Structures are given as C-alpha cells and as structure tokens.
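Chain order of the listed sequences is A and B. Each residue of the first sequence is one higher than the one before, starting from 137 at the first, in this note's numbering. Each residue of the second sequence is one higher than the one before, starting from 2 at the first, in this note's numbering.
Please keep in mind that the hints were generated in silico from the structure rather than gathered at the bench. A quick note: this is a predicted structure, and the numbers were derived from the prediction, not measured. Think of the CB as a built atom: it goes at the ideal place given N, C-alpha and C, for glycine as much as any other residue. A portion of the hints provided could be inaccurate.
For lysine to aspartate or glutamate, the following EDC-like pairs were computed, each having C-alpha atoms within a straight-line distance of at most 20 Å [to be verified]:
id, chain 1, residue 1, chain 2, residue 2
1, B, Lys-115, B, Asp-128
2, B, Lys-373, A, Asp-145
3, B, Lys-380, B, Glu-295
4, A, Lys-261, A, Glu-172
5, B, Lys-380, A, Asp-145
6, B, Lys-210, B, Glu-22
7, B, Lys-143, B, Asp-190
8, B, Lys-31, B, Glu-45
9, B, Lys-167, B, Glu-114
10, B, Lys-380, B, Glu-282
11, B, Lys-392, A, Asp-157
12, B, Lys-341, A, Glu-172
In silico contact screen, one side only, chain A against chain B (beta carbon under 8 Å); selected entries [to be verified]:
id, residue
13, Val-153
14, Leu-156
15, Val-163
16, Gly-169
17, Pro-171
18, Val-176
19, Lys-178
20, Lys-196
21, Gly-199
22, Trp-213
23, Gly-216
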Amino acid sequence: MAYSDKVLDHYNNPRNVGSLDRNSSTVGTGMVGAPECGDVMKLQIQVNDATGIIEDAKFKTFGCGSAIASSSLATEWLKGKSVDEALQIKNTDIVNELSLPPVKIHCSVLAEDAIKAAISDYRKKQGSEVAVPVAVSVA
Amino acid sequence: MKSPIYLDNHATTRVDPRVVEAMLPYFTEKFGNAASRNHEFGWEAEQGVENARKQIASLIGASPKEIIFTSGATESDNLAIKGVAEMYAEKGNHIITAATEHKAVLDTCKKLEKHGYRITILPVKGDGLVDLDMLRDAITDKTILVSIMYANNEIGVIQPVAEIGKICRERGVLFHTDAVQAIGKIPVDVNADNIDIASITAHKLYGPKGVGALYVRRRNPRVQLTAQMDGGGHERGMRSGTMNVPAIVGLGEACAIAQREMAAEIEHSRTLRDRLRARLEAGLDELYVNGSMEHRLPGNLNISFAYVEGESLLMGISDVAVSSGSACTSATLEPSYVLKALGLGDEIAHSSIRFGIGRFNTQEEVDYVADKLIDVVTKLRELSPLYEMFKEGIDLSTVQWAHD
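Just chain A, with the same shape it has in the complex (with noise of 0.2 Å):
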C-alpha cells in the first residue's frame, strides 16, 4: 500500500507521544477500539479551566500508519481549540488532511471517537452535564 507524504509524516515523526496524568481533574482521556480489532487509540487533553482551551494533547495508538498518523494529527489540531471547537473536528477532516484511502477511513472515525471520549471524560469530571455525540465506528 502506497501511503500519502502526510501519514508517512505522521509516521516518522509523531507528535504529542506520550501520556498525561489520568487521575488530574483537568485531564480528559479517551480510549477507544480494541486489540482483536488491530486499532486501540488512547487521546487525552489537558484543559485550562479558567479559560477552557485545550493547552495540551498527548496520545498513543496502537495501530496502523494510518490510525498513528490520524492520532498523531488529531493532537496537533486539539491543542489551542477550545473543548466546543474541539468537538467540532470531524473524521472527513482527517480523512481530507491525510489523503486516507477508502480502506483506511476507519482510522480517522477511531480518532474523533478518541476525541469526543476524552472530552466526555474531561466534562464528566468537570460535573458537567452537557451530552456529547459520540460517533458509531465502522471499523
């Protein structure tokens, strides 16, 4: 499989590796997919509570080029977004920045179902009661 300059990218220079300290009030996490699956993608945001920006986004994804790069770009957007705006990034973005083939297209669904359960956590935590679609994966 050929794989776009942008994955390949991705890839090799990941952004954001890493883990923040789950049990913080501040932090979200989201963990989604499954090993038998071939795809587990874990994303978390640390969120500024005054001003409600996202100042800091880590994840680690085990998975194909395509899910680390999905991942790897998802945490490069997130950060500076407020958690609204962050709820707002969409698989097809992904799929568009990446140039993701039809095969892969789970990979950016893992990664904004990564997104939305980080936030639900992050508002969970927060007390807050506000209800957040989480998208159905295809994978």
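Since the structure of chain A is provided, determine the placement of chain B on it from the hints.
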C-alpha cells in the same frame, strides 16, 4: 548489501541463475512442441520434459511416470482433490483436510461441499500440528481422501506426514499432500512418507512461476484422477494442454540443484533463522514464536511482536520484504486464519511477522533486519497504549474495550 532485502521466500523465490541457464535454449533453438512426435524439434523438447520428469521424481523418490506437469500448486491441488472426488465418487463422498491448509485446498473442498461432498476440516493443536487421533476418528467408510499439507506456508510447521500416510493406508483412504513449501527444502520421500498424491510448484524452490507438478502414485495403490480440463489427453490423460517446456525444464533443474545442495542449504537457512531469532530475543521482550519450533522448516520464523501492530511494523522496515498476519495487510481485512487456527487471539495475529529465509540470504542481511526491527519495535512500543498498560501490570484480557 543490496536493498531492499528479500526475506519473503515462502511467497516466492528468486529464480536460480543456473535454472535460467538451463531454460534459455528451450525458448529459442529448442522451441519445439513436446507432443510433436515426427520431427527433431518435438523430440528435443520431449527430451527436455522427460529429463525434468526424472529430476523431479529423483528428488522425491518417485518414478518419472508418476509425475504430471501442471501450471502450479493451485492447479495441482485442484486436480488432486477434484480429480479424486470425481473418480472415486462411487466409493464415497467424504474428504478430510485441516484448518491451516492453503486456500487452494480449502476453497476446492468448499466447492465440492456445494456439490454434495462432505468435508471435515480438522482443527490443529496449539503448535500447528494435526492431532492424529482426531484424524483416525474422522475417517469413515465414506472417506475417499485426506488432504494435509506437508509444511505450512505461514508458520513453516511440518506435519507428521509419514504417520498420516500410514493411517490413510491402513484405512484404505488416499492421501494427498500439498508439499510446495517442503519439496526442495527438506527431504521428502513419497514411499517413506506414504504419500499417494503430492502437489509441487517450481517458484518456491528457485524455479520459474507458472509451472508445477503433481505426483500421482502408480502402484500400491494405483491412483486414478478424473481430468479437470478436456483436450489432447496429455500427461496420461490427466492433464491436457501443450507442455510449457522451458518452465518444465526449469522446474527439473531447480529440483536437481535442491537435491544436490539440500544438506548445505538446510544448514544455511537454519543458521540464519536461529541467528535472527536469537538477536531479536536479545533485543526485545514479549516476543512469541507462532507454531512448533521443533517441527518447522529450517528457513521459517513467524513471530508476534506483542503490543505492536503488524502493518505499522512493516512501514518501519520498508526496505525489508516480509509478510504480516495482520488484517491491515490482507485484501480481506481479516487477520491470518492460520494463526487463528492455533488458538491465538486476533491481537497476536495482528502483531505477527513471517520471515522466509532462503538460498540467497546472507548473515549481513539477517543482522541488518534484526537491528532494524529492534529499533522499530522499540519506537512503536513507546507509541503503544497496550505496551504502556502491560508495563503498568494491567492484564489486557481483563480490560473492557470500548467498541461496538
């Protein structure tokens, strides 16, 4: 050292230059049709074919008359199984095979099932071997054929072929073996191994693609096959079609070289394979060898690099040609059914790499590949949430994964 490095010798092999040399005259001055009985061109071509038949027969302890030429292993498997099914339909309608067989065998059996045959697919044990007691129990008075491969194309596991053949003979059932990965790599003897029909292909043993053979026993018992293609009645009526003379000559030469050099080649492949394994195990934790190490082709290694997904691993070693059992690398998006048949979880299949070491590989190449893999796996594990959880002491099998 040439790049990329080829370590995928179970998929296909480079044609040996000596094989090419033997083939060349049969494209040009010796271009005749082996079936032309009335002139020099035909005689020369026929001589090339008959010499190849002897070379193949000699490698497997058969008589040249027992060798039928085909277009390759898929055709050989089809001809063997469908040919027996049709020929012996009055005797019975039951065929036994195993879960780790090549698709050319499994899908042929599935096709027959649609036509009213009964197919038993034996599971394999955790090491990839067929359970002989299960085989014994599966044979009924309606069983006409057992088809079990000699050595597996993914995990290199060598089946107890001689014992399977013995059981079949005791019960009066024909025994076919897809021997494409074994012939030329390890000693195969159709008499010692009690084989009645065996599939052979040239391109797995440093010969050309598009040519293969079928060994069909002529006595004790005499095996008959119904031809699957109608035509000029070539190959004792079992396989019509003009002989692919240059390719057949190439197959013959490949067999002759394999026979002469087998002992040294086994040593070469095994040494490199064991070196690769030792270096990987020295540099990485959490490696799992898939399939029996004891009953295994000398050039095969199939390892799962736990907590790392196979396709991402292949991406990191793009100058090395190997295969993965990961779903992402297959056309079907399903992980390897062979690894699943060993009872391994899908995640182990997703993390597996198959190495096929062959005649032309060097120690330098193996060392390069080992070093590179250690680097890439280490890097990908830093990226892997599963490896992080493993290091934290979390038992991944107890985790409730959030997926629909």
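How the hints compare with the structure:
A distance of roughly 31 Å separates the Cα atoms of Lys-115(B) and Asp-128(B); the hinted pair therefore is violated under the 20 Å criterion. Between Lys-373(B) and Asp-145(A) the alpha-carbon distance is near 19 Å, which keeps this suggested pair within the 20 Å criterion. Using a Cα cut-off of 20 Å, the hinted pair Lys-380(B) and Glu-295(B) is violated, with the two alpha carbons roughly 31 Å apart. At most 20 Å may separate the alpha-carbon atoms for a hinted pair to count; Lys-261(A) and Glu-172(A) exceed this at roughly 29 Å.
A distance of roughly 15 Å separates the Cα atoms of Lys-380(B) and Asp-145(A); the hinted pair therefore holds under the 20 Å criterion. Between the alpha carbons of Lys-210(B) and Glu-22(B) the distance comes to roughly 16 Å, so the proposed pair stays at or under 20 Å and holds. Taking the CA atoms of Lys-143(B) and Asp-190(B), the gap is near 28 Å; set against the 20 Å cutoff, the hint is violated. A distance of roughly 6 Å separates the Cα atoms of Lys-31(B) and Glu-45(B); the hinted pair therefore holds under the 20 Å criterion.
Proposed proximity of Lys-167(B) and Glu-114(B) is contradicted: the alpha carbons are some 26 Å apart, above 20 Å. This hinted pair checks out: Lys-380(B) and Glu-282(B) have alpha carbons roughly 16 Å apart, not beyond 20 Å. Proposed proximity of Lys-392(B) and Asp-157(A) is supported: the alpha carbons are some 16 Å apart, at most 20 Å. Taking the CA atoms of Lys-341(B) and Glu-172(A), the gap is near 11 Å; set against the 20 Å cutoff, the hint holds.
At about 6 Å, the closest approach between the beta carbon of Val-153(A) and any beta carbon in chain B falls short of 8 Å, and the interface hint on this residue holds. Annotation: interface hint on Leu-156(A) violated; nearest CB of chain B at approximately 12 Å, more than 8 Å. With a least beta-carbon distance of about 15 Å to chain B, the hint placing Val-163(A) at the interface is violated under the 8 Å criterion. A cut of 8 Å between beta carbons decides the hint on Gly-169(A): the least distance to chain B is about 6 Å, and the hint holds.
Given the 8 Å rule on beta carbons, the hint for Pro-171(A) holds: about 4 Å separates it from the nearest Cβ of chain B. For the restraint placing Val-176(A) at the interface with chain B, the shortest Cβ-Cβ distance is roughly 6 Å, inside the 8 Å limit, so the hint holds. Because the beta carbon of Lys-178(A) sits about 4 Å from the nearest beta carbon in chain B, less than 8 Å, this interface hint is met. Annotation: Lys-196(A) was flagged as interfacial toward chain B, and the flag holds, the nearest CB pair being 4 Å apart, inside 8 Å.
Nearest Cβ of chain B to the Cβ of Gly-199(A): about 5 Å, under the 8 Å cut. The hint holds. Interface restraint check: Trp-213(A) against chain B, minimum CB-CB distance 18 Å, threshold 8 Å, status violated. Because the smallest distance between the Cβ of Gly-216(A) and any Cβ of chain B comes to about 23 Å, over 8 Å, the interface hint for this residue is violated.
The structure shown violates the earlier hints numbered 1, 3, 4, 7, 9, 14, 15, 22, 23.
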